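K.L.:
Can you make the complete structure from the sequences, with help from the hints?
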Amino acid sequence: MARLNLILLAVAVACALSAVAANHRARKLFVELEREQTRMRQLDVEWGQLQLEQSTWANPARIEKIAREKLQMKTPAPGGLFALEPLPRP
Amino acid sequence: MKFSQSPILSQAVPAWRSRLVLLVLLAAFMILVGRSLYLQGFRNDFLKGKGEARYERVLEVSATRGRIADRHGDVLAISTPVKSIWAIPEDARLQPAQIRELAQLLEMNVAELSRKLASDKDFVFIKRQIPPDLAERVAALKLPGIHQQLEYRRYYPAGDLTAHILGFTGVEDAGQEGVELAFNDRLAGKPGSRRVIRDRRGNVVEDVESIREPQDGQDITLALDDKIQYLAYSMLKQAIERHRAKAGGVVVLDAKTGEVLALVNLPTYNPNNRERLIGAQLRNRALTDTFEPGSTMKPFTIALGLEQGKYRYDTPIQTAPGRLTVGNATIHDAHVHGVLTVAQVIQKSSNVGSAKIALSMPAESMWDTFDNLGFGTPLRLGFPGEVGGRLRPWKKWQPIEQATMAYGHGISVTLIQLARAYMVFARDGDLIPLSLTKVDAPPVGGKSVFSAQTAREVRAMLELVVLPGGTAPKAQVAGYRVAGKTGTAHKIEGGGYANKYVASFVGFAPVSDPRLVIAVMVDEPSAGIYYGGDVAAPAFSQVMAGALRTLGVPQDAPLQPISATATPDVKEEM
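Just so you know, the protein sequences line up as chains A and B, in that order. By our numbering, the letter at position 36 of the first sequence is numbered 36, and the numbering carries on one by one without gaps. By our numbering, the letter at position 251 of the second sequence is numbered 251, and the numbering carries on one by one without gaps.
Wrong hints could be hidden among the right ones.
Straight-line distance between alpha carbons at most 30 Å, and here's what the computed DSS-like set of lysine-lysine pairs gives [stated by the list, open to error]:
{"no.": "1", "chain 1": "B", "residue 1": "LYS237", "chain 2": "A", "residue 2": "LYS74"}
{"no.": "2", "chain 1": "B", "residue 1": "LYS142", "chain 2": "B", "residue 2": "LYS127"}
{"no.": "3", "chain 1": "B", "residue 1": "LYS227", "chain 2": "A", "residue 2": "LYS70"}
{"no.": "4", "chain 1": "B", "residue 1": "LYS50", "chain 2": "A", "residue 2": "LYS28"}
{"no.": "5", "chain 1": "A", "residue 1": "LYS28", "chain 2": "B", "residue 2": "LYS48"}
{"no.": "6", "chain 1": "A", "residue 1": "LYS74", "chain 2": "B", "residue 2": "LYS142"}
Listing some non-contacts, in silico: residues in chain B with all C-beta distances to chain A over 12 Å [what the hints assert, rightly or not]:
{"no.": "7", "residue": "VAL24"}
{"no.": "8", "residue": "MET30"}
{"no.": "9", "residue": "VAL124"}
{"no.": "10", "residue": "GLY382"}
{"no.": "11", "residue": "VAL444"}
Quick caveat, the hints were computed from the structure, so don't treat them as lab data. Quick caveat, the model's predicted, so the values are computed rather than measured. Virtual Cβ for every residue (Gly too), placed ideally from N, Cα, C.
P.N.:
Pasting the structure below:
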């Protein structure tokens, strides 16, 4: 009888310890999850800011200014335009 | 004397006394048991709640406002987080050195900061909407009584280019104008909250429950094409500067889908910096301002005449001697043209010819047509201040009104209504609803206003307008067949027509399979030239050429330099 009790006690102690360990691991994982979620939000914000930056750089007014002033480009005269028609499919 | 020998002990004490003591003790014990039962059993929930309140917290989870993008996905409006610094002046007892440090970080005046901190309010904003990294440096100072709060600021990278169509939001992130207001329900996010367990250091260690999921606002993809928008903006700006005009507007519509590809109003404003805004800049003229359209209305009158079978494109109409008296008013043509065919009435823009056609038709059918075309009723795109223009009920029409309405006087419309109405000619007679957002599949079965036959005939007549001999050769586009109509209207001021004009041009291309409808309006050109064919048509041509090229629309005319018109300029009538 006493032996059985001892075994049961050992089992109980083992269960208790593993419960504590599991809880601890869950919390650690949760903290990690939180951290990743925060990072996700930060990256989302950063993405937004990059989109904003891209839109600012790609502003047509800016592109036209650079094309005309820096690259010396100009709109072709009406006579200088040729349209390439796709070949009719055989 | 020893205690054991005390005489008191020898006295016989009644037995009930010891029992009484026992009973009292028992009762006290029972009370304790009862109390603990009550706490553990009946008030359990309350106490548990109290306990949880010691370590549980409800966190607000913020949601962001949706982005607005153009049809290619380029961002036109976006919210990014910023911080606002606020203080409780009573708690913020700062050393002069600390105030200087804070003022320097926030780029503020030391005196102004001290004044804010000395105020007797409970709460003052020190500086609103600063970048998050700056806010972190402020937080690192660890000043007492200085707090921060997260806010969102909306940025519009395209600036004044898209100001009117997008509108803007207020400080509380709610839409106040334009698309921001029209689609506020979809754009706005709903903040959520969740219950968590925090440890001693304030870290969240466990998620208990999510009370309300935060809902980020939906992103909106507009029908707008930012290249065409820029084109329309810069060409209109050029036209307004060249002709020293007061204002102007351009609307570009996709005739196949009803999408609004560009909408420009000038003067405009920078939505990112809205200090010193004046009403004239804010006005979304294309939607909220009505004007008498002038000759751009003539094609509708003619189309009705064709539709009723009373006229053919070659029916001769006597316009000599260049005036027509209706009641006690007279309609004039500036040039005497003699006998014109119906097609030439459009090409030369004869007032007398249009009035004669209008007067031969019942007022009711004319009103019906204008009503079907959407004049007199707002488009209901959701914009603030959209108006419907003026279209009086036909029963009250005088004959002279019916005659002047034929060439666009006595009726008022908005630019976008006019552009939409021209879709009937670009689309074989039916009218589809306009859309500000990108449309995936073209809508089927619009409202039919004219028959396909009529629409095609009018289209052919409108093409004559831009050919030599018409009123707007300057509207031609190399490589494409273009059709349209000029309008030059006197402005009404103080009840009478003033010597101020509204020059307009509405047209579409390519004529063989119309894809774009563009309407250009220039208000009060004051550099001497004021005809729609000279002021608005060149801008139309430039926008149309660029837009067709951007969209890759196949050409339907041989490429050749635009022929300088050898024939004398034809001016439309007013």
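K.L.:
Look at each hint and say if it fits the structure.
P.N.:
Against the structure, the hints come out as follows:
no.: 1; hint: B:LYS237 - A:LYS74; in the structure: holds, 19 Å
no.: 2; hint: B:LYS142 - B:LYS127; in the structure: holds, 17 Å
no.: 3; hint: B:LYS227 - A:LYS70; in the structure: holds, 20 Å
no.: 4; hint: B:LYS50 - A:LYS28; in the structure: holds, 26 Å
no.: 5; hint: A:LYS28 - B:LYS48; in the structure: holds, 25 Å
no.: 6; hint: A:LYS74 - B:LYS142; in the structure: violated, 57 Å
no.: 7; hint: VAL24; in the structure: holds, 42 Å
no.: 8; hint: MET30; in the structure: holds, 35 Å
no.: 9; hint: VAL124; in the structure: holds, 27 Å
no.: 10; hint: GLY382; in the structure: holds, 24 Å
no.: 11; hint: VAL444; in the structure: holds, 28 Å
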